[in-house]
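**Q** If you want the building blocks of each chain, they are given just below.
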Amino acid sequence: MSKELFLAKHILSGSRIEKREALRFLYRKCFPSLRKLIGPEWSDEAVEDIYHEGLARMYDSLQDGRFRGEAKLSTYLITICKNLWLMEIRSNKVTYNSDLIAEQTEVANKRLDAQYLSEVMDEMNKECRSVLSSFYYENKSMQEIQQDFGLGSVQAAKNKKSRCLKKLISLFQQKGITYDSFIE
Amino acid sequence: MSAEEEQLLRFENYYLGRMNASERAMFERELKANREMAQAYAAYQLTIRTIKKEAFLADAREISAEEKQAGQHNWHRLPVSLRYIAGMAASLLILLVAAYLTGWFQSSDHLAFEQLYKPYPNVMQQRNIAQSKIDEAFVNYSTGNFAAALEDFQQVTSSNDTVIFYSAICSLSLGDPDKAIALLDSLYGVSSGFREQVNWYIALAYYKKEEYTPARRYLETIASGEYKYEESRTLLKSIK
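Listed in order, the protein sequences are those of chains A and B.
Under the working numbering, the first residue of the first sequence carries the number 1, and numbering increases by one thereafter.
Under the working numbering, the first residue of the second sequence carries the number 1, and numbering increases by one thereafter.
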């Protein structure tokens, strides 16, 4: 069975090792093609920015269930990146097309949201972020989290996770960030 | 446990799929009826998504950096003498390819096919996401993966002139002029968006086969102002 079939599953619900393996596979498969598609006049850093933005959008689609698995995940990612690149080209051209301006503004706002959310996350202490990431992203059990962070008991680990989560929710609320402003 | 904590626990159970069917149905009904609860759940969902996405992107950046370094590292790990030899070999290869492309090794006055042939660019408007075989085919086509693109085009159920034309270009790029001719022939003289391009590529396919008479015939049909007119005149001179 093709490795591609497991990618989405690994990225969404796999262990961190599986997720990293999937990311490595995608990088090896997609980045050289993207580099070739975009051409040498764009720097490696610029292509990497597009690739990471594409990954972020692909991840949103996976979380929302918008990726239906009709195309390979690597093809899906390259298409997203290609469209981001075309938008980037268009945004560098002077235009009086009102539709295009509206589209550019929308893109800029979405980027701001993603960047802003990242900055808000930075306001949390590192340990809290790690605990939340271990549970929700790495899919670790509370017992593993208790051991990793040297907490006295599983209950203590649960309490810590709960406190950190509440803190982050209230941070988002304080900043006026809503779910509607986040989703595409 | 406070009311807030209880609510958070319910959100968690719903989000992580720890509720049974009836609990889920009840929770969803409550969400629809209670605006405040729906807003609180949206805030919870946003938070979890952000945690996951941030961690995912941090891993992605790390992997990219590792892969980039590994690519550079492999080269630098070679001993200096080997690097020198590899550099020389690469330069020699470039010189040979350049010499071949500029016609140094050609015994006749004919232009090299490789000098003339360029796959037709992907001019099709793609959707935001590759959801169908045709989107997938065009992604492969744009990245120069003609074998995969051809396979995808062949799986497109509603075959039209675009699919046939691009399948022909894939075949020609893969060194199969016979197949390209068969496909392009079905479009020849047909009113399609690729009418002018068909003349040029069918001529090139015959040229590749070194069948100069039909190649000339197709080249002569390219009129002034049409696609590849200048190139067709140069090629005609070279054939004559």
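Hints are computed from structural coordinates only; laboratory data are not their basis.
Heads up, a few of these hints could be off.
Only pairs whose alpha carbons sit at most 20 Å apart, straight line, appear in this in silico EDC-like list of lysine to aspartate or glutamate [claimed, not checked]:
hint: 1; chain 1: A; residue 1: Lys166; chain 2: B; residue 2: Glu4
hint: 2; chain 1: B; residue 1: Lys209; chain 2: B; residue 2: Glu114
hint: 3; chain 1: A; residue 1: Lys126; chain 2: B; residue 2: Glu23
Which residues of chain B face chain A? A few of them, derived with a C-beta cut under 10 Å, are [as the list claims (entries may be wrong)]:
hint: 4; residue: Asn13
hint: 5; residue: Met26
hint: 6; residue: Tyr44
hint: 7; residue: Gly144
hint: 8; residue: Thr162
Where chain B lies over chain A, by a calculated footprint (3+ residues, C-beta under 8 Å) [what the hints assert, rightly or not]:
hint: 9; stretch: 10–21
hint: 10; stretch: 44–52
hint: 11; stretch: 75–85
hint: 12; stretch: 146–153
Built from N, CA and C at the ideal position, the CB exists for glycine as well.
**Q** All hints are to be evaluated individually against the structure, with a verdict given for each.
**A** These are the hints, each one checked on the structure:
Pair hint lysine 166 of chain A plus glutamate 4 of chain B holds up; C-alpha atoms about 9 Å apart against a cutoff of 20 Å. The suggested pairing of lysine 209 of chain B with glutamate 114 of chain B holds, with an alpha-carbon distance near 13 Å, which does not exceed 20 Å. For the suggested pair lysine 126 of chain A and glutamate 23 of chain B, the alpha carbons sit about 35 Å apart, so the restraint of at most 20 Å is broken. The beta carbon of asparagine 13 of chain B comes no nearer than 13 Å to any beta carbon in chain A, farther than 10 Å, and the hint placing it at the interface is violated.
Given the 10 Å rule on beta carbons, the hint for methionine 26 of chain B is violated: about 22 Å separates it from the nearest Cβ of chain A. Interface hint status for tyrosine 44 of chain B: upheld, as the beta-carbon distance to the closest one in chain A is roughly 6 Å, under 10 Å. With a least beta-carbon distance of about 7 Å to chain A, the hint placing glycine 144 of chain B at the interface is held under the 10 Å criterion. Checking threonine 162 of chain B against chain A by beta carbon gives a least distance of about 18 Å; that is not within 10 Å, so the hint is violated.
A count of 4 residues in the stretch 10–21 of chain A with a Cβ less than 8 Å from any Cβ of chain B is obtained; the coverage claim is therefore met, three being the minimum. Residue count for the stretch 44–52 of chain A with a Cβ under 8 Å from a Cβ of chain B: 4. That meets the three needed, and the coverage hint holds. Against chain B, the stretch 75–85 of chain A contributes 7 residues with a C-beta closer than 8 Å to a partner C-beta. That satisfies the three-residue criterion, and the hint holds. Taking a C-beta to C-beta cut-off of 8 Å, the stretch 146–153 of chain A contributes 0 residues in contact with chain B, too few for the three needed, and the coverage statement is violated.
Going down the numbered hints, you'll see the structure goes against 3, 4, 5, 8, 12, while the others check out.
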